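J.: These are the residues of each chain, in order.
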Amino acid sequence: MMKIAVLVKEVPDTWSDRRIDPATKRVDRSGDVVIDEINEKAVEVALQTKESGGGEVTAVTMGPKNALDAVRKALAMGADAGIHIIDDALGGSDAVQTSAALAAALGSRGFDLIIAGNESTDGRTASIPAMLAERLGMAQATFLRTLSVADGAVSGERMTEDGHVEITATLPAVVSVTEQIAEARFPNFKGIMAAKKKPVEVLTLSDLGIDAGDAGGANSWSVVDTVTVKPPREGGTVIKDDGTAGQQLADYLASAKLI
Amino acid sequence: MSQVLVLVELTDGKPADSTRELLAAAAMLGEPAAVVVAEPGVAKALAADLAKLGAATVYAAGVAGADALLVTPQVAALAAAASTAGPTAVIVGSTPDSREAGARLAVRLGGAYLSDVLAIDANGTVTQTAFGGSYNVTASAAKGVAVISIRSNSIDGAAAAASGTVVDLDVSSDSAPTTAITARHEAVAAAERPALKAANIVVSGGRGLGSKEKFVLVEELADSLGAALGASRAAVDAGYCEHNLQVGQTGTTVSPNLYIAVGISGAIQHLAGMQSSKTIVAINKDENSPIFDIADFGIVGDLFTVVPQFMEAVKARKTS
Chain A
0 MMKIAVLVKE VPDTWSDRRI DPATKRVDRS GDVVIDEINE KAVEVALQTK ESGGGEVTAV
60 TMGPKNALDA VRKALAMGAD AGIHIIDDAL GGSDAVQTSA ALAAALGSRG FDLIIAGNES
120 TDGRTASIPA MLAERLGMAQ ATFLRTLSVA DGAVSGERMT EDGHVEITAT LPAVVSVTEQ
180 IAEARFPNFK GIMAAKKKPV EVLTLSDLGI DAGDAGGANS WSVVDTVTVK PPREGGTVIK
240 DDGTAGQQLA DYLASAKLI
Chain B
0 MSQVLVLVEL TDGKPADSTR ELLAAAAMLG EPAAVVVAEP GVAKALAADL AKLGAATVYA
60 AGVAGADALL VTPQVAALAA AASTAGPTAV IVGSTPDSRE AGARLAVRLG GAYLSDVLAI
120 DANGTVTQTA FGGSYNVTAS AAKGVAVISI RSNSIDGAAA AASGTVVDLD VSSDSAPTTA
180 ITARHEAVAA AERPALKAAN IVVSGGRGLG SKEKFVLVEE LADSLGAALG ASRAAVDAGY
240 CEHNLQVGQT GTTVSPNLYI AVGISGAIQH LAGMQSSKTI VAINKDENSP IFDIADFGIV
300 GDLFTVVPQF MEAVKARKTS
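In the order they appear, the protein sequences are chains A and B.
Under numbering that gives the first Met the number 0, the first sequence has 95 at position 96, and the numbering climbs by one with no breaks.
Under numbering that gives the first Met the number 0, the second sequence has 30 at position 31, and the numbering climbs by one with no breaks.
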């Protein structure tokens with residue numbers, strides 16, 4: 000039976016006006032927050048893998064109280080159990096620290112496959128899956144737009160700048176998936192009701208065995224020094240095509256030495 | 000002066016275009032040292048090229064079958080070079096391979112991982128943007144080695160030519176589980192078009208094109224300007240073009256000198272991927288499209304008449 004972990008995360012809604020809190024220099028999570036869309040696709044892949052070969056799917060998140068909503072969404076879609084890493088001392092963790100916390104939570108549980116989105120829409124470092132593979136001594140099969148699991152290996156098409164490559168890795172492996180991987184299912188009413196009864200394990204800093212002196216923004220490897228709002232881009236000239244707009248555009252670009 | 004390592008990306012066995020700016024970035028922080036992973040015996044042959052671009056040292060890791068292994072040989076080589084060099088910083092590029100090698104290295108060495116960096120100063124403070132360019136952020140390593148991933152086309156200039164002294168690395172003892180690359184499908188056909196991230200001009204098409212057949216118009220426009228081709232998510236979802244052309248929050252982030260949006264309304268998720276372009280041109284039929292709020296030059300009109308006329312005008316300029 001495959002043991003599958005899927006990483007999920009709440010992020011500020013990309014359709015909303017997203018902010019960074021100037022005082023803390025951290026993402027302001029007080030507005031509209033949703034499970035990151037790519038995570039829903041990761042959950043979908045986890046569920047499809049379970050459905051084709053048997054297994055158990057655990058949705059894992061790290062974050063404050065509200066982050067549990069992302070786990071609940073995964074449970075409603077069909078995941079079997081959840082893990083919520085929550086501790087005020089973890090606030091402000093950078094990617095290196097976050098990967099340490101996730102590795103501590105996942106390392107000893109015997110997961111065959113750990114599935115994540117390739118990149119969150121808030122931090123966008125695209126680094127956690129690779130860091131987890133490094134920490135857990137697992138193979139990394141990342142940036143996959145297709146994925147199949149067979150004979151103890153995971154294979155798929157990895158997106159690159161110029162196209163894609165086919166890759167394959169022996170399990171256990173850390174996988175990350177791109178937007179193209181699948182369309183996520185919608186949770187139905189039964190799923191939403193069932194989710195409320197599914198177990199969610201809560202882990203704190205001491206459960207993870209992480210020293211308080213290594214945790215959180217005060218002890219991070221990288222620090223944000225300044226955050227400044229870029230002045231909104233000003234619109235320029237907008238013309239209505241009077242039959243010469245194409246010509247006018249060429250003149251404009253030529254005078255700006257852009258063509 | 001302490002060494003700053005640069006992971007050299009290879010294209011067809013040669014240092015990729017990114018090498019110039021990665022070594023230039025390294026030179027701002029210390030003495031540039033290139034790290035190359037290739038088949039045994041091959042890396043050394045690149046030393047002369049790398050020296051010209053500023054590498055005082057070339058750490059050469061010969062790995063049999065290097066091209067068929069994902070990321071782990073590069074991490075091993077960087078770690079081996081770091082144990083010799085004791086670098087203050089490590090510079091990597093912006094491809095998924097380089098970014099992931101950098102991320103793993105930060106964990107292996109104990110250090111900070113600074114991603115998608117647009118500028119560096121001599122103190123090692125880096126500039127990034129957040130939320131699609133809505134914020135400027137400066138950041139730095141609080142402790143450990145700074146592993147810095149540079150966004151393409153961010154660093155001007157070049158490092159002064161250096162000696163390129165070759166130091167061989169042995170990475171055969173690396174124990175990280177590997178991932179095999181079994182086949183490559185990297186666009187040969189589109190090779191004449193510049194890569195989206197690195198392009199000076201980007202032409203993107205949206206749903207306004209109406210069909211896959213009509214999307215050819217933006218391809219022609221791109222080619223007439225020597226531009227990279229992009230697309231909005233709506234165009235990708237409608238099947239007008241390949242997914243890897245997507246510009247936006249969930250696609251590629253671009254900041255070319257000139258961005259031309261054709262038939263794109265400018266959903267916030269698209270703007271997040273292109274609003275830091277230096278000059279933005281938008282052609283769309285709906286005058287209320289949000290793209291016009293950020294366009295330097297906007298045309299409300301029928302793209303199927305404006306674009307051909309524009310291409311004619313550009314052609315006339317070239318020939319006159």
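Any given hint could be a false lead.
[Stated by the list, open to error] Not close to chain A: a few residues of chain B, all C-beta gaps over 12 Å, as computed:
{"#": "1", "residue": "E38"}
{"#": "2", "residue": "V41"}
{"#": "3", "residue": "A138"}
{"#": "4", "residue": "A140"}
{"#": "5", "residue": "A157"}
{"#": "6", "residue": "A160"}
{"#": "7", "residue": "T164"}
{"#": "8", "residue": "S174"}
{"#": "9", "residue": "R206"}
{"#": "10", "residue": "V215"}
{"#": "11", "residue": "I298"}
[Stated by the list, open to error] Reference listing, derived: stretches of chain B covered by chain A, where coverage requires no fewer than 3 residues with Cβ under 8 Å from a Cβ of chain A:
{"#": "12", "region": "23-29"}
{"#": "13", "region": "48-60"}
{"#": "14", "region": "72-86"}
{"#": "15", "region": "113-120"}
{"#": "16", "region": "124-137"}
{"#": "17", "region": "283-292"}
[Claimed, not checked] Label-pair distances were calculated between CB atoms; the ranges are:
{"#": "18", "chain 1": "B", "residue 1": "P39", "chain 2": "A", "residue 2": "K195", "range": "51 to 61 Å"}
{"#": "19", "chain 1": "A", "residue 1": "A253", "chain 2": "B", "residue 2": "D301", "range": "14 to 24 Å"}
{"#": "20", "chain 1": "B", "residue 1": "G12", "chain 2": "A", "residue 2": "D68", "range": "45 to 55 Å"}
If you're looking for bench data, these hints aren't it; they were derived computationally from the structure.
Note that the coordinates shown come from a computational prediction; the quantities given were computed from them, not determined experimentally.
No residue lacks a Cβ here, since even glycine has one placed at the ideal position from N, Cα and C.
J.: Does each hint hold? Answer for all of them.
T.: Status of each hint after checking the structure:
no.	hint	in the structure
1	E38	holds, 17 Å
2	V41	holds, 20 Å
3	A138	violated, 5 Å
4	A140	violated, 6 Å
5	A157	holds, 22 Å
6	A160	holds, 28 Å
7	T164	holds, 30 Å
8	S174	violated, 8 Å
9	R206	holds, 17 Å
10	V215	holds, 18 Å
11	I298	violated, 5 Å
12	23-29	violated (count 0)
13	48-60	violated (count 0)
14	72-86	violated (count 1)
15	113-120	holds (count 3)
16	124-137	holds (count 10)
17	283-292	holds (count 3)
18	B:P39 <-> A:K195: 51 to 61 Å	holds, 59 Å
19	A:A253 <-> B:D301: 14 to 24 Å	holds, 23 Å
20	B:G12 <-> A:D68: 45 to 55 Å	holds, 49 Å
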